[in-house]
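> As a plain string of letters, each chain reads:
Number of protein chains: 2
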Amino acid sequence: MVLKKAGKKKGAARKRTRAAHIEGFQLRPIGVIRSTIKTRSEAPKQGSEGAPDAWFEVNPSMAPCMDGLAVGNDIIVVTWLHQGKRDVLKVHPRSDPQRRLTGVFATRSPDRPNPLGLHRVTVRAIEKNRLQIGPLEAIDGTPVVDIKPVLCGIQESA
Amino acid sequence: MVLKKAGKKKGAARKRTRAAHIEGFQLRPIGVIRSTIKTRSEAPKQGSEGAPDAWFEVNPSMAPCMDGLAVGNDIIVVTWLHQGKRDVLKVHPRSDPQRRLTGVFATRSPDRPNPLGLHRVTVRAIEKNRLQIGPLEAIDGTPVVDIKPVLCGIQESA
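For the record, the sequence lines run as chains L and F.
When the letters of the first sequence are read in order and numbered with our numbering, they come out as residues 1 to 158.
When the letters of the second sequence are read in order and numbered with our numbering, they come out as residues 1001 to 1158.
Because the hints were derived from the structure by calculation, they are not lab data.
Misleading hints may appear alongside valid ones.
In silico lysine to any residue, SDA-like type, Cα no more than 25 Å apart, as pairs [as the list claims (entries may be wrong)]:
{"id": "1", "chain 1": "F", "residue 1": "Lys1128", "chain 2": "L", "residue 2": "Pro93"}
{"id": "2", "chain 1": "F", "residue 1": "Lys1038", "chain 2": "F", "residue 2": "Ala1125"}
{"id": "3", "chain 1": "L", "residue 1": "Lys90", "chain 2": "F", "residue 2": "Pro1064"}
{"id": "4", "chain 1": "F", "residue 1": "Lys1090", "chain 2": "L", "residue 2": "Pro64"}
I would like the entire structure built from these sequences, with the hints used as guidance.
See below:
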């Protein structure tokens, strides 16, 4: 009811507030994955299931954020699974139609409302503005949105 | 140079493309954390450092995504650390000025270009459209953007 009564000025203010709110949840890619895996159908479900090493090309503006990472470090790469379908709420786990439909939050499906991927990888090599990392199941061209160190024996994938 | 030469029509097309690109990286909150921790200064650095249990209130439209989660499950909660400063590229680890400035991707600082938090928690209770989870160091009002099951002995926090 309040919304219907609001005049033009309040409407405009609402639009600005909404724009600021949206900007608040806006991810900025920090780089991109370069991999020999080119399509979802080629990709293993998890990095530990035979995935290759890959390169993470860092946006030059983000290079200072990498300071302190070293070869041999275990890190969590957070990706934006850009081919994920965001309107999927339930899936058959591991694409197996024999398994019952399950909410995506109880699975690692790349199809989910916010298609974020978590990948535990090891840093293999560091070059200017790029890291070799693996094993990684993300496909070529996947945007990266965050990197975090693994803490005390932590493990994470997909 | 190409950008300067582009006419109005191409400019409009570019704006649409840019809008679509931005929408592609737009997170939609799936719910919110309700916690007794109200400010960053009260919050421990990690859940394992004395954090309390908290409630995750799920947006009703996302309820089907929860199907399959059960009490006792270990899950990764991905949060949007809404008070994080996005222009910070380096920090002193654990806010200790004695430690040298380090790139945020080599730390778990909530101040980072995309302020995503990863929290490994256990599901303590499930009620209609909310989960009790813990231990969790995220502050009251923190938006949640994804939930993933922990795979085979995986551990993750912050």
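> Please name the hints from earlier in the document that this structure breaks, with their numbers sorted from lowest to highest.
none
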